[in-house]
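Let the sequences and hints guide you as you build the complete structure.
Now for the letters of each chain:
2 protein chains.
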Amino acid sequence: MGSVEGAVVMESNMNAAVAAAAAASAAADVEERNNDESMITNLHLHSIPTLNLDQGDPTVYEAYWKSVGENVKISISASQSLSYFANPNSFCWFLVPKLEQEIKILHSLVGNAVVDGRHIVVGNGSSQLIQAALYALADPLDPPTPITVVSAVPFYSCYPQITDYVRSGLYKWGGDANAYDKDEAYIELVTSPNNPDGEIRGPVVKRANGMLLHDLAYYWPQYTAITAPADHDVMLFTLSKCTGHAGSRIGWAVVKDAEVAKKMVKFIEINTIGVSKEAQLRAASILEMISANGCSGGFFEFGQSVMAERWKKLREALRGSEVLEVPHFPLKYCNYNRDFIGSNPAYAWVKAKPGVQLEKAMNEERIRVRGGTSFGCPSNYVRLSMLGKHEDFDLFLKRLPSIIQLLAV
Amino acid sequence: MGSVEGAVVMESNMNAAVAAAAAASAAADVEERNNDESMITNLHLHSIPTLNLDQGDPTVYEAYWKSVGENVKISISASQSLSYFANPNSFCWFLVPKLEQEIKILHSLVGNAVVDGRHIVVGNGSSQLIQAALYALADPLDPPTPITVVSAVPFYSCYPQITDYVRSGLYKWGGDANAYDKDEAYIELVTSPNNPDGEIRGPVVKRANGMLLHDLAYYWPQYTAITAPADHDVMLFTLSKCTGHAGSRIGWAVVKDAEVAKKMVKFIEINTIGVSKEAQLRAASILEMISANGCSGGFFEFGQSVMAERWKKLREALRGSEVLEVPHFPLKYCNYNRDFIGSNPAYAWVKAKPGVQLEKAMNEERIRVRGGTSFGCPSNYVRLSMLGKHEDFDLFLKRLPSIIQLLAV
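Protein chains in written order, with numbering that gives the first Met the number 0: chain A, 0 to 408; chain B, 0 to 408.
The reader is advised that the hints may include incorrect statements.
Heads up, the list lumps identical chains together, so a pair's fine if it works in one copy or across two of them.
[To be verified] Straight-line C-alpha distance at most 27 Å; calculated BS3-like pairs for lysine-lysine:
{"hint": "1", "residue 1": "Lys265", "residue 2": "Lys359"}
{"hint": "2", "residue 1": "Lys331", "residue 2": "Lys65"}
{"hint": "3", "residue 1": "Lys350", "residue 2": "Lys103"}
{"hint": "4", "residue 1": "Lys205", "residue 2": "Lys331"}
{"hint": "5", "residue 1": "Lys311", "residue 2": "Lys171"}
{"hint": "6", "residue 1": "Lys359", "residue 2": "Lys331"}
{"hint": "7", "residue 1": "Lys255", "residue 2": "Lys171"}
{"hint": "8", "residue 1": "Lys72", "residue 2": "Lys352"}
{"hint": "9", "residue 1": "Lys262", "residue 2": "Lys171"}
{"hint": "10", "residue 1": "Lys311", "residue 2": "Lys352"}
{"hint": "11", "residue 1": "Lys359", "residue 2": "Lys261"}
{"hint": "12", "residue 1": "Lys261", "residue 2": "Lys352"}
By construction, these hints were calculated from the structure, which means they are not laboratory data.
Please read all numbers here as calculations on a predicted model, not as lab measurements.
Spelled out as structure tokens, the structure:
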């Protein structure tokens with residue numbers, strides 16, 4: 000099966016244990032998929048299953064976590080963590096101290112963010128932290144009208160909805176940062192590497208009264224070269240994209256200003272009265288294990304191998320085609336790897352010829368992706384997740400030629 | 000020590016194992032407190048420690064959970080629950096099926112809510128579910144002005160802030176439900192038993208265009224008689240007040256209308272992309288254990304004993320005083336106990352003579368409580384938590400005579 004091959008032919012610098020684990024897990028995926036497929040076949044005779052490459056559900060890392068087996072198992076008794084409080088004397092009173100410690104250790108090891116003297120705020124994923132940061136940054140201005148929130152196209156498809164869903168009077172979505180030309184205060188969301196296109200980004204507005212919110216969910220070695228420790232006012236990270244534990248709903252902010260950090264905590268206090276202690280305890284164990292394994296043969300090495308392999312396969316499948324394009328990324332020196340590496344983003348930002356309805360075309364081939372309009376772009380673009388299961392990714396590659404053929408007509 | 004006595008003299012219908020566990024845990028609390036006190040004494044010579052009876056942090060149940068020991072321990076491996084999805088084919092795609100099942104089993108056993116044919120929505124605590132319900136109920140109206148949210152005084156102190164903190168254009172806080180006399184649509188929050196005063200409540204506005212949101216966090220046998228299964232449009236519950244696991248941030252809504260339930264799920268999707276799977280798995284284990292133990296010698300029996308004991312002690316301490324009053328509750332037939340029982344609410348709603356600044360007076364005695372104004376009432380009222388640690392509660396009782404003396408002057 001394709002996905003087993005995929006696991007076996009992984010990059011040669013991947014250690015044997017990890018490769019074996021990946022192969023075993025890929026085989027399990029195949030079995031699971033076969034069961035799913037036979038179920039679907041029974042229900043809809045002769046139909047082919049729909050592949051979901053829409054969400055960035057990071058099941059790509061499952062093989063690694065299966066390989067570590069019982070080593071990172073956590074146990075929680077019924078009498079543990081009853082209280083709302085994890086650290087009553089800290090400004091972030093719901094943050095488990097061990098998690099704060101492991102977050103700081105990991106950033107120091109990877110070298111992707113300055114954490115010394117910074118304030119860590121834990122959230123229920125980085126979506127909640129974006130809202131907490133908007134609340135914290137908008138609040139001191141006490142604006143008679145809501146502050147404008149912008150991000151350069153293509154921007155993360157959820158930003159408009161996250162900003163506007165409760166019609167807040169504190170902040171409102173303002174669209175493409177490139178088009179912002181007002182003198183009023185604004186908040187610019189800077190996503191780097193960018194979702195959906197993987198580009199390394201800085202702010203684009205650069206006007207007076209601007210505040211920046213850096214979403215660094217993908218600034219980890221499996222996706223891009225770590226060129227310097229990021230050192231911005233508010234930086235957001237999430238376990239989902241760092242380790243693949245999306246089900247845990249753990250994100251964190253690294254914040255320079257104590258008052259901003261306190262207001263973010265206030266938001267999370269009102270919104271959800273903190274963050275699950277069970278999820279924090281597990282996240283702490285997982286980060287501890289990653290740091291303990293260090294830079295060689297560990298999680299990020301697995302992540303780099305598997306992402307590089309997927310991108311290689313995708314580029315091979317598109318080679319010679321003039322109807323679909325994906326971005327190319329320059330090699331950059333990675334301080335973590337101590338070598339030049341390319342980018343292997345979490346998503347492929349696929350471009351067809353202008354006028355093509357690419358999401359619709361892929362849907363007709365039973366491939367669910369997210370159309371360009373969700374990202375503020377034309378509909379000849381789609382984002383497809385590179386983070387799903389091996390088997391799904393390989394099935395996608397098998398169906399790609401027919402899509403290319405269809406579009407070439 | 001007071002708290003050990005407290006545990007030992009618990010009501011005679013409490014089984015021996017539970018009583019022993021309570022005594023052991025109370026002793027541990029004493030040790031912890033002694034350590035805390037000696038630390039504080041070193042820092043602030045001759046000062047007495049501040050007792051926190053402000054938050055409803057439900058550590059009162061710790062003794063029970065210590066007594067069950069390893070029996071309800073959950074273990075989660077690193078490869079479990081990576082995905083955002085817990086049940087991809089359900090409308091509430093982030094709800095762990097086992098938790099849904101255990102929620103329904105427990106409600107059926109206790110008899111406090113109709114769950115057959117109802118939709119369960121899990122949230123990060125019931126605070127998030129309140130917001131999800133406001134979003135769901137306000138949304139279909141698409142109002143040019145935000146819908147008014149009211150609750151009868153004394154109302155839960157967090158309702159105004161939860162409603163207004165992001166200045167939503169969908170809903171706004173409207174204060175005391177008794178004063179609502181408009182013809183426009185409104186949402187009434189009905190809390191029963193009520194926080195802070197323990198009263199059993201129904202809606203008070205009863206006008207056309209009204210929508211009801213029932214917060215039933217305290218409708219469990221340890222607080223009040225279960226007189227009938229509640230059967231309202233939207234009912235909110237939380238693990239914090241049911242079992243004492245506040246640190247887990249697990250709440251759930253029981254919802255009649257499928258469209259309302261779907262919109263609540265949409266809110267939680269945008270707000271936090273679901274709810275921690277670790278917390279849900281642990282909650283499922285805990286609820287399963289409670290249901291397995293049934294109606295005798297189990298968690299609710301412990302809860303009833305410990306709450307009844309605390310209320311008995313508080314009433315004894317206030318006996319003969321004319322300066323402080325707490326509410327009295329009639330005996331009611333409890334379907335769960337199959338007997339007449341009194342109410343032993345999670346909070347004591349304490350009233351002093353008009354004009355007394357009761358929160359201030361208690362603060363001066365180093366007792367942190369929540370003042371009446373937070374609940375829409377005069378400042379001669381305070382809410383004090385009955386849910387804290389044994390030792391804190393007993394220290395409070397020891398200091399109560401001096402407060403009474405002070406107020407009697």
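These are the hints, each one checked on the structure:
1. Lys265 with Lys359: between (43 Å within a copy, 24 Å between copies)
2. Lys331 with Lys65: neither (31 Å within a copy, 54 Å between copies)
3. Lys350 with Lys103: Close neither inside one copy (38 Å) nor across copies (48 Å); limit 27 Å.
4. Lys205 with Lys331: So Lys205 and Lys331 pass the 27 Å test inside one copy only (26 Å; across, 67 Å).
5. Lys311 with Lys171: neither (40 Å within a copy, 53 Å between copies)
6. Lys359 with Lys331: neither (36 Å within a copy, 62 Å between copies)
7. Lys255 with Lys171: within (24 Å within a copy, 33 Å between copies)
8. Lys72 with Lys352: Neither. Shortest intra-copy (49 Å) and inter-copy (56 Å) distances fail the 27 Å Cα cut-off.
9. Lys262 with Lys171: both (18 Å within a copy, 21 Å between copies)
10. Lys311 with Lys352: Within one copy, since 22 Å is at most 27 Å while 78 Å is not.
11. Lys359 with Lys261: Between copies only: 26 Å across, 45 Å inside.
12. Lys261 with Lys352: Neither: 48 Å inside a chain and 37 Å across chains, both beyond 27 Å.
Checked against the numbered hints given earlier, this structure breaks hints 2, 3, 5, 6, 8, 12; the rest are met.
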